[in-house]
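Enquirer: Single-letter residue listing:
Protein chains: 2
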Amino acid sequence: MRILITGGAGFLGSHLCETLIGQGHDILCMDNLITGRTENIASLMGHDRFSFNKYDVCNYLHVDGPLDAVMHFASPASPQDYLELPIATLKVGALGTHKALGLAMAKGARFLLASTSEVYGDPLVNPQPESYWGNVNPISPRGVYDEAKRFGEAITMAYHRYHGLDTRIVRIFNTYGPKMRTKDGRVISNFIVQALRKEPLTVYGDGSQTRSFCYVDDLVRGIVSLLMAPNENPSALEDKAPNQQDQPSSDLNIHSPFNIGNPREVTVLEIANMVLAHTGTTNPIKHCPLPVDDPKVRHPNIQRAKTWLKWEPHITLEEGLTKTIKYFQEIL
Amino acid sequence: MRILITGGAGFLGSHLCETLIGQGHDILCMDNLITGRTENIASLMGHDRFSFNKYDVCNYLHVDGPLDAVMHFASPASPQDYLELPIATLKVGALGTHKALGLAMAKGARFLLASTSEVYGDPLVNPQPESYWGNVNPISPRGVYDEAKRFGEAITMAYHRYHGLDTRIVRIFNTYGPKMRTKDGRVISNFIVQALRKEPLTVYGDGSQTRSFCYVDDLVRGIVSLLMAPNENPSALEDKAPNQQDQPSSDLNIHSPFNIGNPREVTVLEIANMVLAHTGTTNPIKHCPLPVDDPKVRHPNIQRAKTWLKWEPHITLEEGLTKTIKYFQEIL
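From first to last, the protein sequence lines stand for chains A and B. In terms of the numbering used here, the first sequence opens at residue 1 and continues consecutively. In terms of the numbering used here, the second sequence opens at residue 1 and continues consecutively.
This is chain A alone, in the form it adopts within the complex:
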């Protein structure tokens, strides 16, 4: 397949490029490099099935030749980034998604949107099934990311319903692993970098808020499964779906969103202590004020991915942390 990946030089995008190149596909990587980094794709440069174009997907979008799939991963994605780049975040979520959908239409390509667990906001239901509508403050500072992604889902579904475009939506929960930036601002990279630098680990609030951390290899495998899944409605599976009461039957198709994440829920304080233990450090923990509208819980219900994609994560938090700590030890 010939696949365009927007945001292909970002943390997740670059892992997708690598995996899909490894599977024999042709990859066109597009990134404006505002949060993506060429280091992430350095090992692919010069590969005859890989090309890179530094480009802002909010502009007029043209690609020579056929395309089989468009994967829209371009967006600032860590709270630190999108609070600093609110308008760029809103633009790429709305205008960028619109342009990428238009390109997929023009090429007759399948479209996959990188959405996020942030569409659930500060959820009142835990774990979150895909049928949960979310609890998002549209006017808060962090609303820029959440609403941009919700808009992205709405316009993706509109292209599917109105234009018959073959679309997929993945709601990505917290992910970690090699290629995260040292200054990314996300909790696991923060903790590891702080631990390795012998600095205090900064925990926001009392650390009782929970997250579910998925190792990047598991996540990428889930996303590729969703991209490659056939369009046919596996009606045999539908009958067996154990969580059917949460999933209105109209939602039970390949085009409605899939949670991809690790269902092991840990508190932020637990993860801080795990990082200390795995790095063999005894740095203190420093508590900082909780940001506005920080979600209190996050825990994916992954029944849909299990049933439809036969996917579930395999890498334990302990293994994943060990690999990620090794990566940061090498680059620091």
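No lab work stands behind these hints, which were simulated from the structure alone. Certain hints may be false.
One copy or two, it doesn't matter: identical chains are merged, so the pair holds either way.
As the list claims (entries may be wrong) - Within a straight-line C-alpha distance of at most 25 Å, the following computed SDA-like cross-link-like pairs (lysine to any residue) qualify:
| no. | residue 1 | residue 2 |
| --- | --- | --- |
| 1 | K107 | C58 |
| 2 | K198 | H278 |
| 3 | K183 | D218 |
| 4 | K323 | T210 |
| 5 | K306 | M105 |
| 6 | K183 | Y162 |
| 7 | K198 | K286 |
| 8 | K183 | R161 |
| 9 | K107 | I87 |
| 10 | K107 | L85 |
| 11 | K310 | T267 |
| 12 | K310 | P129 |
| 13 | K296 | S131 |
| 14 | K107 | D206 |
| 15 | K286 | H314 |
| 16 | K54 | L95 |
| 17 | K323 | R161 |
| 18 | K54 | L33 |
Dock chain B against the given chain A, drawing on the hints supplied.
Expert: Leaving out everything else, chain B in the frame of chain A:
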């Protein structure tokens, strides 16, 4: 003041044009006429302080000369329209709002966004204060309007926070009155047209869902009050706000959203019976299937508008219905 009104040939936009022309302002009306109608502004054509430009606000936006305010009212706004025009609705909510904000920035103009009670979705809190985050299904067919407006609010707040633009957001609840289209698809115009045509009144579901109907003159007065309200924080008022527990203090400024609507909550069945009584007809009521994700309740908490704008509606539902029925009798 010199004011641009996008969607100025629509139901609300054209009432705004009339009122603001009547108050001595210069009005530039812009509309692509996909749901707006030149009949709505016919009486203003040729007025030396009024000009009309048939234009899609999603395109490059340029206006000669200075502007004091940009009021962004362009959007399909009845469920019938936005279900038929999902992508146009998403575009004008995201790209159109972005262009209109950019123009306001370039001109140093105040910006007012027409948002909607639809940002509350199918609310789990009744009545709805502005601090309620809403219950919206991002991927449902009617999500296109709700998410477009939520995105519009998010980008408006981002321009305010990031660029210091003087912005206002009005969340408009159900409104009715002269200039609604006979085929608008909204409940009061539907019922009146059906009653006058001796057709059965179509009630969706059992009619127990509630709405709060504001007569258009009251609504326009509220919006103009918000547009003209000074930027200063009336801290004296803030202390007196009776509903403060619902309104985090950071939200208590003129830039955060204002509900404008009539707090009298009636069921759809009640309004059907009132229309029958006021038109002196005895047509039957025909029940139809409830659309997907139709909100069960809608009732504005208008304390913020009362406190900050000294605004509340004056026209009773009985008076408003009489005026609206008279309008439809004349045009049918």
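Enquirer: Could you work out which earlier hints the structure fails to respect and list their numbers in ascending sequence?
Expert: Numbers 5, 11, 14, 15 and 17, in rising order.
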